[in-house]
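Both chains are given apart, each in its own frame, so use the hints to dock them into the complex.
Note that the protein sequences, when read in sequence, are chains A and B.
Under the numbering used here, the residues of the first sequence are numbered 1 to 74, in order.
Under the numbering used here, the residues of the second sequence are numbered 75 to 745, in order.
Hints were generated in silico from the structure; no laboratory data involved.
Keep in mind it's a predicted model, so treat the numbers as computed, not measured.
Note that CB positions come from ideal geometry on N, CA and C, so glycine has one too.
Some clues are possibly wrong.
[As the list claims (entries may be wrong)] Lysine to aspartate or glutamate pairs mimicking EDC-like chemistry, simulated, CA-CA at most 20 Å apart: (1) A:LYS6 <-> A:ASP17; (2) B:LYS160 <-> A:ASP22; (3) B:LYS160 <-> B:GLU456; (4) B:LYS160 <-> A:ASP21; (5) B:LYS160 <-> B:GLU172; (6) B:LYS176 <-> B:GLU133.
[Claimed, not checked] To list a few chain B residues with every Cβ distance to chain A over 10 Å, as calculated: (7) PRO121; (8) VAL130; (9) GLU221; (10) ALA274; (11) LEU348; (12) ILE356; (13) VAL363; (14) ALA369; (15) GLY374; (16) LEU403; (17) TYR582; (18) SER723.
[Unchecked claim] Restraint ranges, calculated between C-beta atoms of paired labels, are given here: (19) A:SER65 <-> B:THR337: 21 to 29 Å; (20) B:THR337 <-> A:ASP68: 25 to 33 Å; (21) B:GLY237 <-> A:PRO8: 39 to 47 Å.
Single-letter residue listing:
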Amino acid sequence: MRSLAKMPVGLTAQVADVAGDDTTSLRLLEMGLTPGVAVTVVGTAPLGDPLELELRGYRLSIRRSEADRVAIHP
Amino acid sequence: MSSAEALATPDHSTATPDRASGHLTVALLGNPNTGKSTLFSALAGIPTRIGNYPGVTVEEKVGRFTHRGQSIELIDLPGTYSLVAKSPDEQVVVDVLEGQMKGVTRPDCVVVVADATNLARNLYLVSQALAVGLPVIVVLTLGDVAEARGIAVDTAALSAELGCPVVSVVAPQRLGVGRLTDMLVEAADWQPPTLPERLASCLATADPARPAAAAEAIARYAWIDGVVDRVVVRQTDHRRSVSDRIDSLLTHRLWGTLVFITTMLMIFSSIFWLAAPLMDLISAGIDAVATGADALLPEGTLKSLVVDGVIAGVGGVVIFLPQIAILFLFVAILEGCGYLSRAAFLMDRLLVGVGLSGKSFIPLLSSFACAIPGIMAARTIENRRDRLLTILVAPLMSCSARLPVYLLLCGAFVPNVAVGVSWLRLPAVVLAAMYAIGVVVAAVVAFVLSRTVFRGPPQPFVMELPGWRWPQPAVVLERVREAAVSFLKNAGTLIVAVSIVIWALGSYPRLEQPADNAAAAAVLKGEALRQSFLGRAGHFIEPVVKPLGWDWRLGCAAVASFPAREVVLGTLGVIYNLGDVDPGEEEGASLLIRQLRAATWDGSDRKVFTLPVALSIMVFFALCAQCASTLVVIGKETGSWVWPVVTFSYMTALAWVGAFVTYQAGTALGW
Numbered sequence: 001m002r003s004l005a006k007m008p009v010g011l012t013a014q015v016a017d018v019a020g021d022d023t024t025s026l027r028l029l030e031m032g033l034t035p036g037v038a039v040t041v042v043g044t045a046p047l048g049d050p051l052e053l054e055l056r057g058y059r060l061s062i063r064r065s066e067a068d069r070v071a072i073h074p
Numbered sequence: 075m076s077s078a079e080a081l082a083t084p085d086h087s088t089a090t091p092d093r094a095s096g097h098l099t100v101a102l103l104g105n106p107n108t109g110k111s112t113l114f115s116a117l118a119g120i121p122t123r124i125g126n127y128p129g130v131t132v133e134e135k136v137g138r139f140t141h142r143g144q145s146i147e148l149i150d151l152p153g154t155y156s157l158v159a160k161s162p163d164e165q166v167v168v169d170v171l172e173g174q175m176k177g178v179t180r181p182d183c184v185v186v187v188a189d190a191t192n193l194a195r196n197l198y199l200v201s202q203a204l205a206v207g208l209p210v211i212v213v214l215t216l217g218d219v220a221e222a223r224g225i226a227v228d229t230a231a232l233s234a235e236l237g238c239p240v241v242s243v244v245a246p247q248r249l250g251v252g253r254l255t256d257m258l259v260e261a262a263d264w265q266p267p268t269l270p271e272r273l274a275s276c277l278a279t280a281d282p283a284r285p286a287a288a289a290e291a292i293a294r295y296a297w298i299d300g301v302v303d304r305v306v307v308r309q310t311d312h313r314r315s316v317s318d319r320i321d322s323l324l325t326h327r328l329w330g331t332l333v334f335i336t337t338m339l340m341i342f343s344s345i346f347w348l349a350a351p352l353m354d355l356i357s358a359g360i361d362a363v364a365t366g367a368d369a370l371l372p373e374g375t376l377k378s379l380v381v382d383g384v385i386a387g388v389g390g391v392v393i394f395l396p397q398i399a400i401l402f403l404f405v406a407i408l409e410g411c412g413y414l415s416r417a418a419f420l421m422d423r424l425l426v427g428v429g430l431s432g433k434s435f436i437p438l439l440s441s442f443a444c445a446i447p448g449i450m451a452a453r454t455i456e457n458r459r460d461r462l463l464t465i466l467v468a469p470l471m472s473c474s475a476r477l478p479v480y481l482l483l484c485g486a487f488v489p490n491v492a493v494g495v496s497w498l499r500l501p502a503v504v505l506a507a508m509y510a511i512g513v514v515v516a517a518v519v520a521f522v523l524s525r526t527v528f529r530g531p532p533q534p535f536v537m538e539l540p541g542w543r544w545p546q547p548a549v550v551l552e553r554v555r556e557a558a559v560s561f562l563k564n565a566g567t568l569i570v571a572v573s574i575v576i577w578a579l580g581s582y583p584r585l586e587q588p589a590d591n592a593a594a595a596a597v598l599k600g601e602a603l604r605q606s607f608l609g610r611a612g613h614f615i616e617p618v619v620k621p622l623g624w625d626w627r628l629g630c631a632a633v634a635s636f637p638a639r640e641v642v643l644g645t646l647g648v649i650y651n652l653g654d655v656d657p658g659e660e661e662g663a664s665l666l667i668r669q670l671r672a673a674t675w676d677g678s679d680r681k682v683f684t685l686p687v688a689l690s691i692m693v694f695f696a697l698c699a700q701c702a703s704t705l706v707v708i709g710k711e712t713g714s715w716v717w718p719v720v721t722f723s724y725m726t727a728l729a730w731v732g733a734f735v736t737y738q739a740g741t742a743l744g745w
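Same shape as in the complex, but just chain B (with noise of 0.2 Å):
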């Protein structure tokens, strides 16, 4: 073939049938929530490669099998109401389809799982999957649901209507797999299907004043109303059933409302408490590590390296496991039984006005608890605008990190006073601000941002309730495996390098000097904290922290908490000579507190911790982007670095100027 040949015609190496290498590929399409997923659990089990497809942040997923000695690869297609694409994630499924998907085989064949409870509006996208150029099989799931709601589906009408065949399948009970998996091993050597008489003819008496578009779009479903009507029996009318009866308690004003706050404290509570004992013990596992390698290897750049960077980097992943689990757990369980949808539905409105989706509104609670899962669970967020504006929000929600900062500062340098009444005090006053200043701040950036960088047409809120039902343990565990998984190969490798540049750059130059004692060391160690690039860096930053009341040992406090806003209480300690601090330990914390109420401004007797200087470290804290490993996620979850870079610009700049309003709001009302 000549090179002008080349690029007359498009690159089809990748759309020619692997038929070769000897394994068929089978498309899995079909619309959200048609129990998809559990299909692909019943043939394929668990997913051989979960990624992303080339330049786009939408999910590859695809299983391996073997039927009668065929080797038959199942890719699971996103979700998808239509075959004509409005985003990213509908534009891979035909690309996909279509054989334009870069390092993707072409399939050999198309399965379109289609909910039997809902048929005409899932047989919009088998119209369009018939005219792909692929041999289709329709398959029907949900059919016991379907039955017990006195809907029955004449599966062989169904199938001459269609021009293809049709299975019925309920996959949890593995009822009518088997038949499927015959059909897939037969069907790549089928012809495409012809479209159907009646269907070309609708579409060909396409309302022509229409744009042509939404002409096809009403032509389709005057095909569907004619099929519906001859292959749907329905036994019972107007019978009001579980899942309508379920429908209207939950998204009831009142009951609705008290379920919903019931359930998100429920979920809440569990990412902050039933993960701690998990946590707890997983810190200890590292600890043990830590000790046993700390006795093992000779002291030196090695052992500091192993135990001070490796293990703790690896140690700063692992310990975000609990969370992430528990999060995933609850939200494939809403959204296996349809709760996830009727959230949003709820809680639309309130987030709409700041330019975010009822949507967000799980990925911003969670991140109370933490980012990281909360930036995660926004995977959930189908539209491209909502979920980036999310992620880019959620590092604002006051975390559980930075509760240790809070709580020590507010009960170090907060007067213990009464506010109004006499059980309400200031330090639990000023705890509450902090956690309302992230929520103000993040619903400030939201709007601004929705009404400027994110400008542009209006996103719609279009989307299905899908009927109660039970979720699918199967798919359940998958979803939890799958976010672990993820988390620990993306962003979790990088965390731990991210750890290790802190270590060297906290570590280098190094100060080689012996201690003798304790004490001695603990200032030596303060010391060489202080000769490091690290420390230099907070040097070198003074004139920038000044204005916030800060001496350079805080500048280079908060530096150093690049790794995680907790740290900033043990490089306190240790830059304030204490050696290492662990903040629960009572003893410990009472001696930073003690140690930092005696700091003073180098060469005078000024005391570096007042109130205003304590307010503006806090209000810092609250809005800086000081956690290594949030970036890390924010990269990994939207596919590019220029977010990550954006959410510290944005952060840091706010921290500075909210820790600098502070301050001198403080030092001027003579605080």
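For reference, chain A alone in the conformation it holds in the complex (with noise of 0.2 Å):
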């Protein structure tokens, strides 16, 4: 399973789940991360980190090490 951080800019992919059970991890699913869910790779910041990402129709961004925590289907 690959991670979300690894997801090149411009791939869409499906989320398969989000490891961890603390706040971080369940603001993730909060904000729409669910497993299923389509994920597109939008862009980075300049210097490389946070992710900008598009799903369920709007933008959102994280930072790398949170993107970490979300598998996506291959």
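Encoded structure:
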């Protein structure tokens, strides 16, 4: 299973799972990063971090360290 | 009721609807960036009360309006994504809705604001609000923007899915506002909605293998996916919206960075230069009032109190208003159009290394003009830890009040020689070094604090990048008004009080001796300051400042500059018997320079001011917290007097160490 943090810019994939049971993981789920949802990496900030994602019709920014918790289907 | 019963049941006196007094209480709930503030302005206009909820530094905003003879109190809850509280802001939302917030009546109904362009994620909060046990009205905002993007929401179908009324409102044009207010008047008599059957069954079949909260979140989205399928019609798919195109330009590596630098430079120069004429105007006005009072009042203590204490104190407060208003104008515009989150996005990587976050950037940048608006702008940082850390290091940025000190000492004591190339002069290098010292020390302090005192689990940077839209003038102006009023009301009164105390310390015990002429008056004024409590404090701390290369008069001037750093020039003038010195006056400044150059240690002809001493003074002022107003604002913004004490202590300690190292190294190197 690959991590969202390593996904190239411009690609879309399906979320497989969000690891961890702390508030950060819960926040990612609450923002809509739930298993099965399609997520696109729209871009990154000039210094490579954080990421800009598109999911459920809106834009979300998360750091790579947080994206690392999100597993995607290959 | 017996006392045992009273103990057993929680106090519900605040939880009963306040119908007897005749007004309805309505809570406004919603995700951030949904147009909640615009709706608040459209319904209630200017808020009647802005303050903090008891015990927490979460803003309480309440408005009042009357519809069909019914008085309605509108509580604008902080923007939140979930009712599973993860921050003090979210806890406040939950407490108010459950009637557990002390001094706040439990609302009679909840209005949930949902962004039609982003329905799925907004429905998450709606799904939680349905279970709060209060009548719910869902308001769909930004329907016009959604339509332009080819998204249409069937409000009747949505209402049937949710089991509560859904009203579409375009607040700036007041479309649907009438229908909403009609509903509000009746809503208090409604039954709370029953949980939609489909939602209940999704929740009932939540994955038992996962942690309960995570399973619940996934179950809610399973229900939301179904609802969105049934009520949202997308006419055009895959069409890049205007917002997306703006977004790809402004978050682009090269263009985005250039636009960002240009925008920040514009804001920064505005708080520097645009505010200057306004500040001059205020100074002139205060001077005129002081001159008037000076002429009217009889010579004596009262006059000194009014002119040097009260009027100077009030002037010292009002003078900050232009910078606060201009900064908040820009922040509100950037926030309204969606750029504030993009700025944080662009700068995050740079700041995360030292333990801050992208949102710290604008507060810190503003602090180069003045720490006070900068610290207030830290309100835009939702995360408490990041906010506190930003506030603690913001005063280390070299503000405009330090500039006159740097300029005077660089001009007078740093030799004007070339460094490497002919156009680069040493005073300019020293000046730049002073700004660099502040930045470097702030980075180190933030780094150390984030790994010691503020150590904890990693703070998430899960941030929505809202769609691009035009800022609402009403919301922007309200934001500026709010910042100005809260500064005047909360910090202003205290700053005046502190100014008066410092005036008293600098004036007592008094020296009762009439002066015959101006020169004698200047000498007497110096003598009076040296005799005062402040002056004695300077004497008292001489052993502490001696290792910095300072004589006791310099110690005195440093202590007496506690109200504000720029005061040190005037204090130096007085203490070296010059009378009042206006740093702006060329002649006065050069007189001050001559006086300072001539100053010698008591009982010897050793000069006080040498290059190492001048450098040590500059480093001290770069790092010290000699600004009473900043400390007061830190106290008010953090809601605790611990933080100003911490700020003052650590900055003074750093300033002393910095000045000590500079002087000792400079002397050892034979400068």
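For this session: Could you tell me which of the numbered hints above are not met by this structure, giving the numbers in increasing order?
Result: The structure breaks none of the hints.
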